[in-house]
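J.: Each chain, written out:
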Amino acid sequence: MKKLLTATAVVALTAGSAFAGGHATEVKLGVLLGFTGPIESLAPAMGSGAELAMAEVTESGKLLDAAKVTPLRADTGCIDNGLATANGEKLLADGANGIIGGDCSGVTGAILQNVAIPNGMVMISPSATSPGLSTMDDNGLFFRTAPSDAREGQVMAEILKDRGIDSIALTYTNNDYGKGLADAIQSSFEAVGGEVTIVTAHEDGKGDYSAEVAALASAGGDILVVAGYLDQGGLGIIQGALDTGAFDTFGLPGGMIGDSLPANVGSDLDGSFGQIAGSDSEGAEIYAKMAADAGFDGTSAYSPESYDAAALFLLAMQAAGSMDPAEYGAKIMDVANAPGEPINPGELGKALDILAAGGEIDYQGATGVELIGPGESAGSYREIEVKDGKNATVSFR
Amino acid sequence: MDFLNAVVALSNFVLIPGIAYGSQLALGALGVTLIYGILRFSNFAHGDTMAFGTMVTILFTWWFQSMGISAGPLPTALLALPFGILATMGLLVGTDRVVFRFYRQQKAKPVVFVMVSLGVMFMMNGLVRFVIGPGDQRFEDGERFIIKARAFKEMTGLDEGLAIKTSQGITVVTAIVVVAVLFWFLNRTRTGKSMRAYSDNEDLALLSGINPERVVMITWLIVAALATIAGTLYGLDKSFKPFTYFQLLLPIFAAAIVGGLGSPLGAIAGGFVIAMSEVMITYAWKKVAGYLLPESLEPDGLVQLLSTDYKFAVSFAILIVVLLFKPTGIFKGKAV
Numbered sequence: 001m002k003k004l005l006t007a008t009a010v011v012a013l014t015a016g017s018a019f020a021g022g023h024a025t026e027v028k029l030g031v032l033l034g035f036t037g038p039i040e041s042l043a044p045a046m047g048s049g050a051e052l053a054m055a056e057v058t059e060s061g062k063l064l065d066a067a068k069v070t071p072l073r074a075d076t077g078c079i080d081n082g083l084a085t086a087n088g089e090k091l092l093a094d095g096a097n098g099i100i101g102g103d104c105s106g107v108t109g110a111i112l113q114n115v116a117i118p119n120g121m122v123m124i125s126p127s128a129t130s131p132g133l134s135t136m137d138d139n140g141l142f143f144r145t146a147p148s149d150a151r152e153g154q155v156m157a158e159i160l161k162d163r164g165i166d167s168i169a170l171t172y173t174n175n176d177y178g179k180g181l182a183d184a185i186q187s188s189f190e191a192v193g194g195e196v197t198i199v200t201a202h203e204d205g206k207g208d209y210s211a212e213v214a215a216l217a218s219a220g221g222d223i224l225v226v227a228g229y230l231d232q233g234g235l236g237i238i239q240g241a242l243d244t245g246a247f248d249t250f251g252l253p254g255g256m257i258g259d260s261l262p263a264n265v266g267s268d269l270d271g272s273f274g275q276i277a278g279s280d281s282e283g284a285e286i287y288a289k290m291a292a293d294a295g296f297d298g299t300s301a302y303s304p305e306s307y308d309a310a311a312l313f314l315l316a317m318q319a320a321g322s323m324d325p326a327e328y329g330a331k332i333m334d335v336a337n338a339p340g341e342p343i344n345p346g347e348l349g350k351a352l353d354i355l356a357a358g359g360e361i362d363y364q365g366a367t368g369v370e371l372i373g374p375g376e377s378a379g380s381y382r383e384i385e386v387k388d389g390k391n392a393t394v395s396f397r
Numbered sequence: 001m002d003f004l005n006a007v008v009a010l011s012n013f014v015l016i017p018g019i020a021y022g023s024q025l026a027l028g029a030l031g032v033t034l035i036y037g038i039l040r041f042s043n044f045a046h047g048d049t050m051a052f053g054t055m056v057t058i059l060f061t062w063w064f065q066s067m068g069i070s071a072g073p074l075p076t077a078l079l080a081l082p083f084g085i086l087a088t089m090g091l092l093v094g095t096d097r098v099v100f101r102f103y104r105q106q107k108a109k110p111v112v113f114v115m116v117s118l119g120v121m122f123m124m125n126g127l128v129r130f131v132i133g134p135g136d137q138r139f140e141d142g143e144r145f146i147i148k149a150r151a152f153k154e155m156t157g158l159d160e161g162l163a164i165k166t167s168q169g170i171t172v173v174t175a176i177v178v179v180a181v182l183f184w185f186l187n188r189t190r191t192g193k194s195m196r197a198y199s200d201n202e203d204l205a206l207l208s209g210i211n212p213e214r215v216v217m218i219t220w221l222i223v224a225a226l227a228t229i230a231g232t233l234y235g236l237d238k239s240f241k242p243f244t245y246f247q248l249l250l251p252i253f254a255a256a257i258v259g260g261l262g263s264p265l266g267a268i269a270g271g272f273v274i275a276m277s278e279v280m281i282t283y284a285w286k287k288v289a290g291y292l293l294p295e296s297l298e299p300d301g302l303v304q305l306l307s308t309d310y311k312f313a314v315s316f317a318i319l320i321v322v323l324l325f326k327p328t329g330i331f332k333g334k335a336v
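Residue numbers (UniProt numbering), protein chains in the order written: chain A, 1 to 397; chain B, 1 to 336.
It should be emphasised that the hints constitute simulated quantities derived from the structure, not laboratory data. Given the structure is predicted, the values throughout are model-derived calculations rather than measurements. Honestly, I wouldn't trust all of these hints.
[Said to hold, decoys possible] Now the stretches of chain B that chain A is said to cover, found in silico as 3 or more residues with beta-carbon under 8 Å:
1) 125-136
2) 158-166
3) 279-286
4) 305-311
Yeah, the Cβ is synthetic: ideal placement off N, Cα and C, and Gly gets one too.
If we strip away everything but chain A, and leave its shape as in the complex, we get (with noise of 0.2 Å):
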């Protein structure tokens, strides 16, 4: 029993002294996103995105001492809060400064409750949406760079309207985002004289669906709106839909929005529309490039938002002239929102040159970031309508 204790003395020792004399040179962010399960498919975009950012920051050598910045890759398997939490809790131990994650928002509460409050660390999200994570009790900690569904709700029965749709039948997968989005969309459909002639949750893993799809037929609606994600049962329920000829259109909310939908159905998809968090800000063109220029696809779901969110850490963490969350936590909302030079993606450089003169900075980013009520994303969509088998951007929203 004194050995094991003179060890873990030793440990933390060693532990911590490693910690001071990384101090000046090295800043570790975690990047804790479902790298496997249901969106293992935006997950790579994302993780290259927040890792861009980072590259620009030390290829910069402005941020603190010249610190390097180094990203942390783990896996939040979107689903699985128990591998979520575990790796929160390593990242921990490996000494990350931030993290950015979870993706999922199930995944994203249970890491923000289990690991971020108890250990006073910082997350920002990229893509959990979940209405339920603005009301959490977060201690100033969370933050994302995606809006709330509440918002995405209310663009979705616009589109609807405007498109002459009254009457919609409408299945989500069955998890917080899937609930919370289905309530938000349900609500604002409602409230502008829509229709939901159904509601019915799904499960995701499942190979078959002729059950749900039959219950959506059988209700009936001008099209099938599936608040669902693109590689799991939201691909089966609009197969299976297609298939039987319940329905030939559907609505998209964000988690059905990538290249692989389209590509897997083919042709019969075709005029079906949605809208996912994106801007026409000028930053998403400067970011596609540098993306393209980096060999990944920066127009994917969510791989801005997580530029976006690496970057906002390093700017923060500049601002507060510490790598410590108690300190940059306060910051984020300072360099994301006005006053201050406004920066785009590729100027993080100048941005880090400002902040350490004592200027401000407004941080445009990717996405036109503007943070708003308990640290969330405001929220402005694109609305997409695929066309010959493209996700094809129609109007910003």
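Following the hints, position chain B against chain A.
T.: Positioned in the frame of chain A, the structure of chain B alone reads:
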């Protein structure tokens, strides 16, 4: 006309998907039930055996496609299926030699076998993901539909469409052929009879000179063929994803137990009971009722007995009821 519409709507959304899904479950449950009947344990690795067989079939399908070989309107996977079966036979006989035979010689208890099969399941799980990855694979080609919903509407002038996918047609035809061959084999051939004898009474079978190792090997060979066929049909109809196959284990076992473990006939009945109950009890009857009932009686609500969230609860409720009142299953299998 309204009556026809009601029938078509019901067939399109309930009967056809239910029968196709039921056939797939029945083929899977047959494999489980054969192992239970002859080797006397519940093989948890069955779902992943299906995944392995399907994976090999997919790899051969891709190879054939790249060489330009196709089966015309039928999916190429049907040509690749025999190779998938051969590979799976190799895998299962190999697993038996390396793993299960050891425990058989130890005369291990059935529960030990179940745990061993759990281990084998994880190994196969990893193997499949290692080779083909955890993602969705689509390998369907050829004509997708026998009848398309829209074409049916134009042809008949009805308001309701009827769609039959090629994969659904193939599934049902294949299931009937396979089941017929299997029953002929078990009831008419010498080897089949020796298998049944071994299943009924191991000691008596040994006394009458039946070679147990041969019976066991033939069982594995048949199970490999059944699992690969079931898996490939399922993959053609839906899509191939290792995790989905792992989850299929639950309805397959429910089907085998409801029908009566160890009874081939029961496995088939069980497959259809589970599939139909999942689709029917959660079906919203509004549309069908709307066609059949006079206008004044038309329902406002969905006329849905249970929300689709509960579809898995339905199969397990049936399972529990059967176990409570008829522990041997519908067709008098072995007591669990």
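J.: Now look at each hint and say whether the structure bears it out.
T.: Each hint, compared with the structure:
no. : hint    : result
1   : 125-136 : holds (count 3)
2   : 158-166 : holds (count 3)
3   : 279-286 : holds (count 6)
4   : 305-311 : holds (count 4)
Of the numbered hints given earlier, the model fails none.
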